[in-house]
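J.: Given next are the chains, with one letter for each unit.
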Amino acid sequence: DAGVTQSPTHLIKTRGQQVTLRCSPKSGHDTVSWYQQALGQGPQFIFQYYEEEERQRGNFPDRFSGHQFPNYSSELNVNALLLGDSALYLCASSPVGGEQFFGPGTRLTVL
Amino acid sequence: RKEVEQDPGPFNVPEGATVAFNCTYSNSASQSFFWYRQDCRKEPKLLMSVYSSGNEDGRFTAQLNRASQYISLLIRDSKLSDSATYLCVVNSYSGGGADGLTFGKGTHLIIQP
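Chain order of the listed sequences is A and B.
Numbering-wise, the numbering used here puts 38 at position 31 of the first sequence, and it's gapless, one number per residue.
Numbering-wise, the numbering used here puts 25 at position 19 of the second sequence, and it's gapless, one number per residue.
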């Protein structure tokens, strides 16, 4: 079992650009959640996808959007990047209502 | 007021010591409680769930006080490998499903030889 995988591992973008991050859930998991972790902070919930729909959303602007595919994998898109978007982006997968397992994250740097 | 607040760190303790972390949460609708461990530049990993009756896993003991909205973690006989950031986490449920996890800022623990 490969566990939760994310790509890319690192990414450097400039302000105003757009970025897409990808996540493949653990086998048997159908729910994917995304989190943003700024340096020195705990992860902050962005949104959660289940059955290809956004089910819950945290306090993030519409610049943050996502998608879930029929194979349960997911993408996180961020438009009009700001310096403050620099962070570790974590994907977590779970069965419905079950324990969330985190991937290794994508470290995004916005210059 | 932050939803989940933890003791400020870092905690520097000698190997073999007992260390306690405390956490308070503001959402009385929270239904699940956890401690996660995060090593430097790694993803968070579940250390243990926390139940009202209190629960123990080896050297680790977790307690929950719903009336006070307070969660604790006790580590006995600390090892060098316990050095990490410990994250207090709560989960609420709405709309028939689990919400995203709400994390505290984390407390950095350094075990010194």
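None of these hints come from the bench; they were simulated from the model.
Glycine is no exception: its CB is placed at the ideal position from the N, C-alpha and C atoms.
Possibly wrong hints are sitting among the right ones.
[Claimed, not checked] Not everything, but these chain B residues come out facing chain A in the computed CB check (under 8 Å): (1) 107; (2) 109; (3) 110.
[What the hints assert, rightly or not] Below, a list of computed lysine to any residue pairs in the SDA-like style, where the Cα atoms sit at most 25 Å apart: (4) B:111 to A:23; (5) B:111 to A:80; (6) B:48 to A:89; (7) B:48 to A:84; (8) B:111 to B:82; (9) A:20 to A:58; (10) B:48 to A:58; (11) B:48 to B:75; (12) A:33 to B:15; (13) B:48 to B:74; (14) B:51 to B:83; (15) A:20 to A:62; (16) B:111 to B:66; (17) B:8 to A:80; (18) B:48 to A:116; (19) B:111 to A:59; (20) B:85 to B:34; (21) A:33 to B:86; (22) B:51 to A:116; (23) B:48 to B:87; (24) B:48 to A:77; (25) B:111 to B:13; (26) B:51 to A:80; (27) B:111 to A:34; (28) B:51 to A:106; (29) B:48 to A:60; (30) A:20 to A:87; (31) B:48 to B:119; (32) A:33 to B:98; (33) B:85 to B:13; (34) A:20 to A:104; (35) B:48 to B:71; (36) B:8 to A:12.
J.: With reference to the structure, classify each hint as holding or not holding.
T.: Do the hints match the structure? See the list:
1. 107: holds (6 Å)
2. 109: holds (3 Å)
3. 110: Residue 110 of chain B check passes; min Cβ-Cβ to chain A is 5 Å, inside 8 Å.
4. B:111 to A:23: violated (28 Å)
5. B:111 to A:80: Cα-Cα ~28 Å, so violated.
6. B:48 to A:89: holds (24 Å)
7. B:48 to A:84: holds (22 Å)
8. B:111 to B:82: Satisfied, since the Cα-Cα distance of roughly 23 Å is no more than 25 Å.
9. A:20 to A:58: violated (31 Å)
10. B:48 to A:58: violated (28 Å)
11. B:48 to B:75: This hinted pair is violated, its Cα atoms lying about 29 Å apart.
12. A:33 to B:15: With a Cα-Cα distance of about 33 Å, the restraint between residue 33 of chain A and residue 15 of chain B is violated, given a limit of 25 Å.
13. B:48 to B:74: violated (32 Å)
14. B:51 to B:83: holds (21 Å)
15. A:20 to A:62: violated (29 Å)
16. B:111 to B:66: holds (20 Å)
17. B:8 to A:80: Outside the cut-off at roughly 32 Å; violated.
18. B:48 to A:116: holds (17 Å)
19. B:111 to A:59: This hinted pair is violated, its Cα atoms lying about 30 Å apart.
20. B:85 to B:34: Given that 25 Å is the threshold and the Cα spacing comes to 34 Å, the pair is violated.
21. A:33 to B:86: violated (30 Å)
22. B:51 to A:116: holds (24 Å)
23. B:48 to B:87: holds (15 Å)
24. B:48 to A:77: Violated: residue 48 of chain B and residue 77 of chain A sit about 28 Å apart, past 25 Å.
25. B:111 to B:13: holds (9 Å)
26. B:51 to A:80: Measuring from Cα to Cα gives roughly 20 Å; hence the hint holds.
27. B:111 to A:34: Not satisfied, since the Cα-Cα distance of roughly 30 Å exceeds 25 Å.
28. B:51 to A:106: Since the Cα atoms of residue 51 of chain B and residue 106 of chain A sit roughly 10 Å apart, the hinted pair holds (cutoff 25 Å).
29. B:48 to A:60: Cα-Cα ~28 Å, so violated.
30. A:20 to A:87: With Cα atoms ~11 Å apart, residue 20 of chain A and residue 87 of chain A stay inside 25 Å; holds.
31. B:48 to B:119: holds (23 Å)
32. A:33 to B:98: holds (23 Å)
33. B:85 to B:13: Cα-Cα ~20 Å, so holds.
34. A:20 to A:104: violated (35 Å)
35. B:48 to B:71: Violated. Residue 48 of chain B to residue 71 of chain B sits at ~30 Å, over the 25 Å cutoff.
36. B:8 to A:12: Not satisfied, since the Cα-Cα distance of roughly 31 Å exceeds 25 Å.
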